[in-house]
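Chemist: Sequence:
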Amino acid sequence: MEGRAGDFTVTVRHRPTYVDPEKCINCGLCAAVCPVDLPSFFEEALVTRKAIYKMAPRALPDAYVVDKVPRCETCGRCVAVCPTGAVNLNEEPYEQDLNVGAIILSMGYALSDPEEYGELGYGRFPNVIHSMQYERLASRSGPTEGIVLRPSDGKVPKRIAWLQCV
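Taking the numbering used here as reference, the numbering of the sequence shown is continuous, increasing by one, and the terminal residue is 255.
Some hints could be false.
[Claimed, not checked] Ranges between beta-carbon positions, derived for each pair:
#, residue 1, residue 2, range
1, His103, Val245, 40 to 48 angstroms
2, Gly117, Leu209, 32 to 40 angstroms
3, Gly212, Val158, 26 to 34 angstroms
4, Ala121, Asp202, 30 to 38 angstroms
5, Val170, Asn216, 31 to 39 angstroms
6, His103, Asn216, 20 to 28 angstroms
7, Glu111, Phe214, 29 to 37 angstroms
[Unchecked claim] Within a straight-line C-alpha distance of at most 30 angstroms, the following computed DSS-like cross-link-like pairs (lysine-lysine) qualify:
#, residue 1, residue 2
8, Lys143, Lys157
9, Lys157, Lys112
10, Lys143, Lys244
Because the hints were derived from the structure by calculation, they are not lab data.
Where is the CB? At the ideal position from N, CA and C, for every residue including glycine.
Model the full structure from these sequences, guided by the hints.
Modeler: Below, the structure is given as C-alpha cells:
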C-alpha cells in the first residue's frame, strides 16, 4: 500500500478459489459429486458441506469455491462434471494492483468459547446451542430456512431459554 488520502495504490493478494466465477453457472453438479463431507463453517457446524461449496448464500462473487488443502481429495470429479470448465484445481495465487480513494481497516472480533461454561451443557446436550448457531437456525438463509428446530430430532421446540451475559 502506498499513496495518500484519495489516491492509494494497493496490492491485493488473491488466494486460489479453484473455480472461475466468470464461468461458474451455479448448477451445483460439482458439489453433488464431491465425496468429502465437512462441517459447514457458515452454518456454525449445524450441517455439513462439500469440499467444493458456496461460502454463503448470496456470496459475491456468486460462484463455488474449493477448500483444497487439506480437505479436497483432488479426485477430479468436480472438474469432470462441470459443464462450463469453471473448475481448475491447479489455479495459482496471484497479485493485483488497484488504485483506490480510501481504505477501510477492519480488525475483526472474537466470539467467546461456549465450552468454557460446561455447567450450561454445551457439548453435552445436543439442544444446547450458542448464539451464532441460533442465528443460523432463525435465518431465512439458514439450514432450516428460518424455522428454529431442535438439533437432536429436528422438531420445533416448545420453549426456548436464552442465556446472555454469562
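Chemist: I want to verify a distance hint. Is the separation of the beta carbons of Gly212 and Val158 within 26 to 34 angstroms?
Modeler: The hinted range 26 to 34 angstroms holds for Gly212 and Val158, with Cβ atoms some 28 angstroms apart.
Chemist: Check whether the Cα positions of Lys157 and Lys112 lie no farther apart than 30 angstroms.
Modeler: holds (19 angstroms)
Chemist: Taking 30 to 38 angstroms as the stated bounds, is the beta-carbon spacing between Ala121 and Asp202 within them?
Modeler: Distance hint for Ala121, Asp202 holds at roughly 35 angstroms.
Chemist: When you take the CB atoms of Val170 and Asn216, is the distance between them in 31 to 39 angstroms?
Modeler: For Val170 and Asn216 the Cβ distance comes to about 38 angstroms; the hint holds.
Chemist: Starting from the range 40 to 48 angstroms, see whether the pair His103 and Val245 falls in it by beta-carbon distance.
Modeler: holds (43 angstroms)
Chemist: With respect to the beta-carbon atoms only, verify the hint that His103 and Asn216 lie 20 to 28 angstroms apart.
Modeler: This hint is violated: roughly 41 angstroms between Cβ atoms.
Chemist: Using the C-beta atoms of Glu111 and Phe214, is the stated range 29 to 37 angstroms upheld?
Modeler: Once the Cβ atoms are compared, 46 angstroms apart, the range 29 to 37 angstroms for Phe214 and Glu111 is violated.
Chemist: Given a hinted range of 32 to 40 angstroms, is it respected by the beta-carbon distance of Gly117 and Leu209?
Modeler: The hinted range 32 to 40 angstroms holds for Gly117 and Leu209, with Cβ atoms some 38 angstroms apart.
Chemist: Given the hint that Lys143 pairs with Lys157, does the C-alpha gap stay at or below 30 angstroms?
Modeler: Within the cut-off at roughly 14 angstroms; holds.
Chemist: Does Lys244 lie within 30 angstroms of Lys143 when you go C-alpha to C-alpha?
Modeler: The hint holds at about 27 angstroms.
When the structure is compared with the earlier hints, violations turn up for hints 6 and 7 and for no others.
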